[in-house]
Structures are given as C-alpha cells and as structure tokens.
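Please put together the full structure from these sequences, using the hints given.
Chain by chain, the residues:
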Amino acid sequence: MKQLLLSICVCSISLVSFSQSNVNSATFGMLEARWLGPGTMSGRITAIEGVNKDGKTLYIGTAGGGIWKSTNAGASFKPIFDRYCQSIGALAIDQSKPTVVYAGTGESNMRNSVSIGNGLYKSTDAGDNWTKIGLDSTEHISKIVIDPSNSNIVYVAAPGPLWSDSEHRGLYKSTDGGKTWTKSLYISDKAGCADVSLDPNNPNIVYATTWEFRRLPYLFNSGGKGSGIFKSMDGGKTWKELTNGLPAKPFGRTALALAPSAPENLIAIVEAKDTKMYISKDGGESWKEQSATLNVVSRPFYFSTLVIDPKDPKRVYRPAFSFSYSDDGGYSFAEASGEGGWVHSDHHALWINPNNTNQLYLGTDGGVYISLDRGVTWIFVSNLPVGQFYHVAVDNREPYNIYGGLQDNGSWYAPSAKPNGVNNGDWTAIYGGDGFWTVPDPTDPNIAYAEYQGGNMARVDLRTLKSVSIKPQAAAADGKLRWNWNTPIHTGQKNPKNLYTGAQYLFKSTDQGRNWVRISPDLTTNDKKKQEQDNSGGLSADNTSAENHTTIFAIAESPLDENIIWVGTDDGNLQYTTDGGKTWTNVAANVAAAGLPAQTWVSSVEPSRFDKQVIYASFDNHMYGDHKTYLGKSSDMGKTWTLFKSEEFTGFAHKIKEDLVNKDLLFAGTEMGMFASVTGGREWFRMKNRIPEYALVRDIVIHPKTHDLILGTHGRGVIVVDDIRPMRELAGETSNKPVHIFALAPQPIRDGQFGNGGFPPTGGWSAGNPAGIPPIQYYLKDRIMSGDVKVEIFNDKGELIQSMPGSKRKGVNKVYWNQRMTPNKSAAGGTKMDRGGMVAPQVLPGTYTLKLTVGKEEYKQPIVLVHDVDNTTYSMEDRLAQHKVSMELYNMQKDLNGLIEEVNGEQKLLKESGEKIKSEKVKKLLKTYNQSLEEFRAGLLATKQTSIFADEEQLRERLTELYTTIAGNEARPSNLQLERLQSLQGELSAAKAKHAAISKQYADKVRQAMAKEGVTTPALKTTSVK
Amino acid sequence: MKALKLAFLGAALLGTMTGFSQTADEIANKHIDAIGGKDNWKKIKSVIMDGTMSFQGIDIAVTTTSVHNTGSRQDLNIMGQANYIIMTPTAGWMYMPVQGQTNVEPMTEEMVKKGADELDTQGALVDYKEKGHSLEYLGKEDVEGTECHKLKLTLKGGKVTTYFIDPSSFLLLKSTAKQEVNGQEMEMTTGYSNYQKLPEGISMPMTISVPLGPGMNADMVISKIQINKEVPATTFQPAK
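From first to last, the protein sequence lines are chains A and B.
Just so it is clear: in the first sequence, position 632 is 632 by the numbering used here, and no numbers are missing.
Just so it is clear: in the second sequence, position 198 is 198 by the numbering used here, and no numbers are missing.
In short, the hints are calculated from the structure, not lab data.
Computed from a prediction, not measured in an experiment: that's the story for all the values here.
The C-beta atom is built at its ideal place from N, Cα and C for all residues, glycine as well.
Check each hint, because a few of them may be wrong.
Here's a subset of chain A near chain B, in silico, CB distances under 7 Å, partners left out [what the hints assert, rightly or not]:
#	residue
1	G811
2	T822
3	N975
Computed footprint of chain A on chain B; a stretch qualifies when at least three of its residues, placed anywhere within it, have a C-beta under 8 Å from a C-beta of chain A [as the list claims (entries may be wrong)]:
#	region
4	49-61
5	112-118
6	127-135
7	145-157
8	164-173
What follows is the structure, given as structure tokens:
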C-alpha cells in the first residue's frame, strides 16, 4: 500500500511539474520597465530625515513609492527600498552612527486611500541593504525615535490597523537596537500610539500620545476614550496621563512637539470637541490654551506634524493644510509667502538641518520642497517620481498619450515618447482636485473626460483646457445620487461612442456627456446604514465624499457586444446586462459561493475580448481588515466562479487585465505588487524587471498598437513596459526551448525616432524614450555560464556587416543593431580623437541574416529592413544617393587610415633600426627620411593640437567632417557636399602620390645604407602607390 | 506515507538550516574553489588581459596589466588615441585624451590610497582577513533570475564591493562597488560571464559587462590572458 501511495505521489508530482509553466519574472529578462514619473506633480511625502553631520544625505519616505535617498541635499535621488513594502510611515537615522537607518512601513496619515505596512526595517549600511526586524502586524507606524545617549534604545509609535481591532498597537521599545521589542504603552485594541518624543537632556523622560480611531468603508471616526497624552519618567516603564489645563476628554489625534534646545517647553494640538493648541513650559505638568489660526488646528487626523526648531525654542513650525510658522513659541503664527511659487497643500513631514536651521525640507501631498530662509519661501524638488495615480488611459495618437488622475494632484496627460525624452514639462494638467478617471474620447482627439472627487466630471477640450461639467443630475424619482469618491468614467470597448458613469445607477451618454440616460435601477445594496456620511470624521467633521458608499465603482462594456455591460459596486454587487441596460442580473451570490466574503468591494471588471461568456473581476476587502488578494474568473456569464490562488500574491487587488492578443496572458495589480499569468490564471508570478516588487498597482492598460503595458501606480507614477510581444510568445511552448529568436517585423531604417534638440534636460524627472530602433530579442531558457553569445548581421551576399556581443541572461535578451555597417578602424596617432571612427554608413533596405551564436550552437533568422516611408522628407532615391556618397567616403577613410598606418609603420621601423646604426651619416639619412615622413604625416591628421578648443584641421579632420555629415544625416547630399567630395578625393590622391614620392626618394637608399651597417629590415616600401 | 512526509519535512528543515548556517567564509571559500582554488590564485604574480569593448560596431581595445601589489595599468585605444591609467602603491597617473586631457596627470592622494587595495592580482577574497578586509553575508538576492548569495566585502581602504555569487556554480555573476571619490558617491555595477579555465588552473570571466542604461550593456570581451609573464617596471611609469 505504502509503495502504491508512494508511486501515485511521485506520479502526481511529475504530472504537476510537467503541466506547470516555467515562466516567471526572470523569463522576461531585459523587458524592463520605464519610469515615466513625472516629477512635476510628485506624490505624498510621509517622512524626511537627514544626516545631521553632513546636512546633505537625505532619506525621503513616501506614501506609496518607497524610500528615496539623496547624497547631495536633493539634487538627485535614488530609490533604495524597491524590494519591500512601498508605504512608509516613519524613518529614523542613528545620528551617532548615521549608516544605521530604521524604516517603519505603513503610513499613518489615515485617509481613506492610505496604504498598509508590513513591519519595521533596519539598514546598517545607509540604505543599501535592509532587514525586517519585526512589528509585522502593526500595519501603520507613525514615528521612530532613537535615544541620543544610547542607540540601542529605540521607540516606535504604532497607531496600528485602521480598519480593524488589533492588539498590535501601541508604543514599542527595544533596548537592543531592534532585535527584540516590548510594548511600553498599550491602551486597547482600538487605540494606538500616534506620537512619541524624548527629552534629549534626559532621555528617560518620554512623551507619547495615544489615539483611538477607526475607518469603515462608509465612515471615519477619530476620537475616543483611548486617546490621550502620556509622560514617563523612567524610559517608558511607567506612565502618567497629562491632563492639567487640557480640555475635557475624549480626545482625537494629538500632535505633540518639544523644543530640543529647551525640552521643558512643549506644544500640543489636541483634537477634541473644540480642537485647540496648548502650550506647556513645565514638561507637560500644566498646559495653557492658546488660540491659533484655522491652519494650525484643522483636520488633526491628517495633519499631525508639529516641529520646534532644534536651536531656537521660540521658532515653531506647523506644516498642515498650508505652512505656518511662529517666532514666539506658538503664541502667533504667520503663513509662508508664495513668493517662490505655490507650495502644494497638505503637509506631513519636515526636516530642519540642525547645523543650518535656515535649511528646511518639507513633505507635502505633492512632493518635497526646500527652504533656505526658515520656511518663508520654498523651492520645489522636481525629481521625485512618486505620483499616486488611480487610473491611467491611452489614446491612439503616434506617439500615444497617457492620461491619468492622481491623489490630490488632479488629472494630467503626456506623450509616451518625445524628442529628448518625456520630461516634467511635457505633462499638461487638465483638471483639478483629486484626480481619478481621466479618459480620452476615442472618437474625438480633442476631448478627454476628467473628474474630481465625488463624481464631479467634465468634458475637457484639450486645445484650450476649457471644461464643461457633465455630472449627471438626479431626476425627480431618483432621490439623492450617491457618487463614489473615485467615480468610474468608462468609454465603450465595443462602441467607442458610448460614455458611461455611475452613481447608484448607471448612466449612458452617446453625445460626449451632453445628455445622459439612466440605464439601470439602483445596482447597489442601497444599505441605508452605510449612507450616513454626514456623521463622518468623529470629533472633527470630515465628509469630503471619501466615505461615500453604496455606489458603483467599476463599469465595463464588453469588447464583443455593446449591449453587454458589467458593473461592480463598492458594497459587493456584481451585475450585468445583456440588453443594454433593460434588465440586470446580480451575480454577487455566485462569487460568494466561490469563497468571496460578502460585501467585498468590486475593484475592477474585465469582460473578455475572446469570449462573451468570460468575465474577470478583482475584489478588495481591506476595508473590513482582510488583505487577501481576490481575483476571479467566470466562463459562464458569472454563474460559477473560480478565485485564482497563488503563493506569490500579496496585497488586496485593484485590477485584473486580460491581454489583447493572447487569452492566457493575464495581469493583476494589487496594493503590493504587479502579477502576471501566462496560463490563464492557473499560475501567477510577481513581475519585477524594474517594477518595484511591492508597487501599488492601481490600473493596467495595454496599448493596442505599440503593445506597451502601462501601469498606473499609486506612488511611483506611470510605469511602462515597452512592447510586451515577447510575453505573448512566451505564454506558449516557446519558453521550453533552450534558445528562441523572437519574430522581427520589417523595420524601417532610421536613426531612431527622434532627434534630441541639442540640449539635455536641466533637472526634473526625465523618463527617456522607448528604444528608437527596435531591438533584436532572443530568449535563453537558462543563463549562459560558459561560452559566449554573439549576434552577427550578414548581408544577402553572406558578408559580415556587424558583430555585437550578446547578453546572456536568463529570459528575454535584447541587442540593439544600429542598422549600420562596421566603422573603419581608426589609425593610431594624432592629437585628436578620430570621430570618423565612430561612424559607418547606414545599410540599404533588404533582407539581412541575423546569426545568434550561443556557445557552440548557431541560430539564424532573417531581418527585413525597409525604407522609412514615414520620413516624407527623405525618399528612397535620396537614400540611394546618400548611401553612394557615404560609401565613397567610407572607402576614402579606409584608404587614408591605411596611409597613416603605413607611415606609422615606417616611422616605427626607422626608430627601431636607428638605434642599431652606428654611422653618423646613416643616422642622419634616417633622420631626414623620418622628418620627411613626419612632415607628411602632419598633413594627414592633426598632430599639434594641444587643446580641445583649438581646431587643428588636416586631411583626416576635413574628410571626417564631410563623412560624418553625410553618413550621419538622413538627407540627400547637397551640391556643395558633392563638390567637396571631389576636392577631398583630389587631396587624398595627392597625399598618396606624395607618400610614393617620399618612399621613392628615401626607401631604397635607406635600406641599402642600413644593410651596409648590417641592419636588415623588412621591406621598407610603401604599398599605397597606385 | 507519514514517514515520507516527515522525511520531506526533515529535508526541508535541514535545507533551511543549512541555508542559514552558510557563513560568509563558507561561500567565499566555495567561490574561491570554483575559480581554481586558493593555492592556484596565490601563485598569480602578474596578469595581462587583452580585450575589446564593443558598442555599435565601434571597438575599444583594452589591455590591463597587473603585477601583484606592484602596479596596474590600463591601456585603452579609443579612436586611434592611446589613453592610460596607471596605479601603484605610492602614486598613480591618468592620461585620458578622450576626456580632453592633454597632459599626463597624477592621481590625487585620496585616489592612490583607495586604489592601493586593488593591486591585488590574487583576488581580494583570498585571505581577505590577513589583508585587512572584512566580509559580511547579506542573504540572497535575485540577479536576473538567479537567487544569488550576496557577500559584502569592505576593503581595508574603505571601498565596499557587494558580490553576487551563483548558488550552484559559486561563480561570481555580478558585483556592485561603491566608493566616495572627490565628495561624490560613485557606484559601479559589473557583470561577469563566460568563465574559462586557464592552464594555470584558475578560472576567469571572459566577458565583463557594464550597464549603460535599462536594457543596455557595454561588454568587454577578453581575447587573451597571460599569467605570470614578466612585466617591465617601465610599464607603471607614465610616458605620454
């Protein structure tokens, strides 16, 4: 029996392994993502810490884009946390040993869209490597402080989970540098620790604030009996609550600051029934209420930053909705000037350089700003591509445009490619507020639809940016319309004239939103208890439409039939119509039968483009504390469902996308990663290849013409994987082949798609362009460890045109052939670099052979090159004329190089032989000969130039100028260029004749004289005489 | 059946445990064995490597001459022009007309100090402790689809290099080096492939790749390696 079981077991293992795909992220090798950013509107910044000693090493923590490090005070940044959770709550640097850095994941600005962390990380090498050191279930970390007198003592304030009760909240303390943790202050499973400060003069004095808060999908509450301000005199062993002079409880969130240079001075902004500021001068033992401006006290759950200057206890900073500062210890506040330009609203982080307290770094909802005058004016840091997109869309222009809406940064569009690359300035803002769906009209290239929160949508004329509101209004019988914060706008996949949006009802327009028809009943559960948003906020009312619920969230018209429309709601309904909205069927119960919890938010719906019966959907249940990845498929119009399973999945799901060509290729974006399947969802893998491994992927689009995969991320801007066709091919049996060359479409011959304008971008974020010439792509099943990989191009005569080293990585490899011949090898010598040695003529249209050598194996495939018909200023005739002259010059260059090398050889021989000669007379003869050669050589190439800015010009330089101009331009040679060619041909012939004459004068004579001296030489004669 | 499961579990546990107990030294030693062994490497007194760096059909000839703890010299022939970099324990020179230099320039004291560690032809990992370097195991990290061992070597002079070592062959696939030069942090990533065994018993990568940007590499293909050939002292003296 055992034997039998064993053999069955082995059999099933081998069966499973046989059917399993071996495709994973590595398979896609060099198919790497391009980060489009932009940096013009950045994203929410949650933490900024700098190294006190140098004032220029900065760590920036972001809401959804990981950690970015600068070693030059912000001139440039690098992401240093791309393998981990991208939501950062707090950072801390051990200033006594600044290579030690702590990062707490999970932002604590507890808005509806806030992400979730997975613990605390530590680096001991300034951010190069990170280790997770615990607190995995805290979900949100708001502050980390290190005892300045003992770096092993670390406190971590963890407000804890936003959407559920949890014991993993509170103030944590470590006394061994983060190896072990104890809970120092714990209130309840509903109230966590929001803030912590140490008295720098006596670090046993610890202040902490606690906060009771909770979100439901439809309500937010800040405040409760668990909120308070606490003080410990013994390093967190015991605590007492501070109350003297503070308002009556309950509190909400408290922002607390102590003055580092006079730490008995404290300021607190206490959220209470009436939120006020309080000042203490005795270490919190007593407090005095102080009236303050609206900016200082408003929205305490979101604005929790309060900082006192490290040296001046009177200078207080309150980054909040806008930036306020006080010069009198908080008694009065002024607002920052707008002189340096607008500073984005909503501030969450501030670092003051303690060695130059004029220098401040501010983190806002729109990126980082620098001040050099104590916060009065600000300079925007435009090189952080951490924008938080909700959705992206594309149009059909060439190059196509990308549209998207961002958290607190409106709606924008930009070209996917542009001369000189896609830079900050190429982005155009088209609509304000929080941006969500930003959708081009597929039938009218001048129109896009955009919105701000709560369904406030408009039709925008892209030529003028004038907008017209198109938000549907409630008809008499409709009751109040309920619009999601992130209201869907959808254009028809089958009939592009159809425009849809949804409140609790689905609306359709066929005239660009001028008129609407309601085409559904209420498609939500219409659960009244989820509709009390007027009571949202807790102690401070907060009803910004962010909690609107029982609304439509996802709409999709079938790409196969405009009468089939699928709609998903935020309260768990998934409904479809097959008759354009006359009748609706709710399949929520069927998805529940497959294991989906009730009332789970439908985050996206994707009707298949291959089969009307097939529907994919993603579901998000994190608002009930459930972070599982729910992705489902039905093949029978929603009657039965399969939920996809994978060990790889992390994060709640935002989007599922079916490929446009290969039905087995699926993509999924979650709050913690981008995933793909090449087996129709049976197996999944995490996409890496320059996609941050835990990227917050909110939206996925595939461009129908360029085959680009476009990701809208909530923290890393737009990410594009250019041309995913190899993924489609690898979804079949191809991945089992040891080597495979991907099909090459006929390529137009051209020097890339664009010029570069002559100047590089001056800062900001530059995304570059897709490759200007399509790459040669091949697949290697395994990395080549021994043996070489080489790519060679042959013409139809079998002549080698160019040889290139090939990369050897596992998966897709790319090699770029510039569609040119091999440049002539430069002759040695001279004082100027031979620029002509970098240029070779472009080849002509025709069929070439690509030979890929992998170790000892060879693989061949034709490459068809065609004339670039898109370049209307350069005809095929022009090309032939250009090629003819280029080739003449190429051959002249080869001749001239030969001539120079001959002279070099002769001079070398004279020098070597001269050392063996004794006769002064013969020595003199050799010297004269060498001098003649040197004079001659000095006419062939620059030999005297001593500065790169002094242009010595000899024959090589003259030839190079004409050659590089003609061979490097896509243009018919001009009349004067042709004349110049003739004159240079004359010069080259004259030079050859001159060399022959020098040889004739000296060569035999010298050889005979040397022979008499007993020095025999190889033939000292020129070969260039014709 | 239970026994089978237990055996699997045991094996899995054992695997994990072995994984964790693999120290930096063990991996370094396995790597050194994979490239020919400590004894063979300690016999290397000089290395002369000829190679070509190719990009779009343009070839740059590179010759690297190193004598153990004595000097290293890189000659680059770029578009007909000779360029070189010389480093010895006490001085260094650069002559890079390609960068617009018209004279031989001595290296700064800082550069010489930092470069001194790199005159080691016997491999920095061989007897690293005696050489004053330190080594740390940083776990595993994916390198182009291979979960590599990650070793951080800090040279005596402060230069930090992270090695990514293939867990099955123990060959080096990639290194990243970080150094602060003239107040700037420089980072250099290098890929290694096509290991060939030389008659002296050591293995060396015949292709060295330097990334130029996403999806693009400049590859140097080594065509010839000469080991322990006499190198004249003048090699490490500057002459324009």
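For the region 49-61 of chain B, do three or more residues have a beta carbon lying closer than 8 Å to a beta carbon of chain A?
holds (count 5)
Closer than 8 Å Cβ to Cβ for three or more residues is the test here. Does the region 112-118 of chain B pass it with chain A?
violated (count 0)
Test coverage of the region 164-173 of chain B by chain A using CB-CB distances below 8 Å; three residues minimum.
holds (count 4)
Close enough to count: is the Cβ of T822 (chain A) nearer than 7 Å to one in chain B?
4 Å, holds
The hint names G811 (chain A) as touching chain B; please verify it with the least Cβ-Cβ distance against 7 Å.
6 Å, holds
At a Cβ distance under 8 Å, does chain A reach at least three residues of the region 145-157 of chain B?
holds (count 4)
Cβ contact check, 8 Å cutoff: the region 127-135 of chain B against chain A, three residues minimum
violated (count 0)
Hint check, N975 (chain A) versus chain B [nearest Cβ-Cβ separation less than 7 Å]:
For N975 (chain A), the interface hint is violated, since the closest Cβ of chain B sits about 30 Å away, which is over 7 Å.
Checked against the numbered hints given earlier, this structure breaks hints 3, 5, 6; the rest are met.
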